[in-house]
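Please put together the full structure from these sequences, using the hints given.
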Amino acid sequence: MKHLWRQTQSFPSAVRLLMANQFAINLAFYMLMPYLAAHLSGGLGLAAWAVGLVLGVRNFSQQGMFLIGGTFADRYGYKAPILAGCLLRTVGFGLLGWVDNLPALIAASAATGFAGALFNPAVRAYLAAEAGERRVDAFATFNVYYQAGMLLGPIAGLALLATDFRLVCTTAAAIFTALSVLQWRALPPRHASPTTSDQNGVLEQWRTVVTNRPFLLFATAMIGSYVLTFQVYLALPLAAADALGTHGTQVTSGLFVVSAAVAVIGQLRLTGWAKNRWQPSEALVRGLSAMGLAFLPLALAPGDSSTAVLASLVLAVVLLAVGSAVVYPFEMDTIVNLSGERLVATHYGLYNTVSGLGITIGNLVTGALWDFAQRHDALWLTWVTLTATGLVCAAAVAALARTGRLIARQPAVVA
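Throughout the sequence shown, residue numbering follows the working numbering, covering 680 to 1094 in sequence.
A few of these clues could be false.
[Claimed, not checked] The calculated label-pair distances, taken between Cβ atoms and stated as ranges, are:
id, residue 1, residue 2, range
1, Leu1048, Ile1086, 35 to 43 Å
2, Leu1036, Ala990, 16 to 24 Å
3, Gly1083, Arg845, 50 to 58 Å
4, His870, His682, 29 to 37 Å
5, Trp684, Asp1056, 47 to 55 Å
6, Ala987, Ala1078, 33 to 41 Å
7, Gly1083, Pro713, 42 to 50 Å
The set of hints was computed from the structure by calculation and includes no laboratory data.
Glycine is no exception: its CB is placed at the ideal position from the N, C-alpha and C atoms.
As structure tokens, this is what we get:
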């Protein structure tokens, strides 16, 4: 904790505020979202398709609108979308606890999703701009606060849920209200550096980003890492339920805690260790390889031993979290480098949209592969495929680095 405190204090006040902001955002978000499906189905009695629709709208309105949020941030400054996103979350989370008809629930869900699309690219671009040459350290520290919010949010939500789901929603909305006021009063305005393309309109702004070939190649190469990370929500819970039956839910909750705890405890040490030994591209390749190899123990574990499967699940989550912690700060820094420090929020927005699309496709493929493997008593096939995904991802990034496509672009100079 002392190391985290010293590291946090070493950054400008705006960066410190963004870190505290992200902790509170995740605290409020994960206080509510893990329990929303149960409220919709059990508390409100919605059909399964309606529950899926409400949750799907939230995901689509966030993943599908990241590019819009990043574009808005680059054109009008970073503070406005951060503030607007917090206000939208206030309204959306408040409504989720107090409305009971499907149209209103869909509107509230869309608002919470679009809020994330507004502030996520802006926060990262703001952080990158303020941190300057210390971007890697800043993103590593930022991720500690991000993961800490994920760790504590479900625990706080569970405690409040003992009283009433409306109390969970009201508390989450109150946190976003406080964040809105805090950012309105304390966060300094910050604008992207003006470029010629910015002055030519949104379409030119998008054209600049989508014609950035090294950036697009990197975004494509990194899709696999997001598919692997998401398996904490998909394949690993399926494996826990398959091997441990009724205890699978408790094990899955424990895996979430382990994953977040590894990041909170180890992020700064892992980043410092990687910086001292490897080039950024080498850190990315090694981190991605670790993420892929995380699934190998499950392929080797005997399926008839619940103890072996449990140990393999814990080892997989730890390796996945370690690999992700190594990758994240260098990944965020690479995006800024490839953008040439130009239209950074728009680059982040498109990057998030690409990864979100990749997660959707990856989940469909993983789910179909799981069903096939289970029918043929060959669950090892799922784990070997996920391992291969991580290694292919690492090889793709290594190839980009070897051919010079990850070298930082020179910042644009406006005459």
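Right, here's what the structure says about each hint:
Checked against the hint of 35 to 43 Å, the C-beta distance between leucine 1048 and isoleucine 1086 comes to roughly 36 Å, which is consistent with it. Against the hinted window of 16 to 24 Å, the Cβ-Cβ separation of leucine 1036 and alanine 990 comes to about 34 Å, which falls outside the hint. Taking the beta carbon of each, glycine 1083 and arginine 845 are about 56 Å apart, inside 50 to 58 Å as hinted. Between histidine 870 and histidine 682 the beta carbon distance is about 33 Å. The supplied range of 29 to 37 Å therefore holds.
Checked against the hint of 47 to 55 Å, the C-beta distance between tryptophan 684 and aspartate 1056 comes to roughly 51 Å, which is consistent with it. A hinted range of 33 to 41 Å for the beta carbons of alanine 987 and alanine 1078 is consistent with their spacing of about 36 Å. Range check, glycine 1083 to proline 713: Cβ separation about 43 Å, and the 42 to 50 Å hint holds.
When the structure is compared with the earlier hints, a violation turns up for hint 2 alone.
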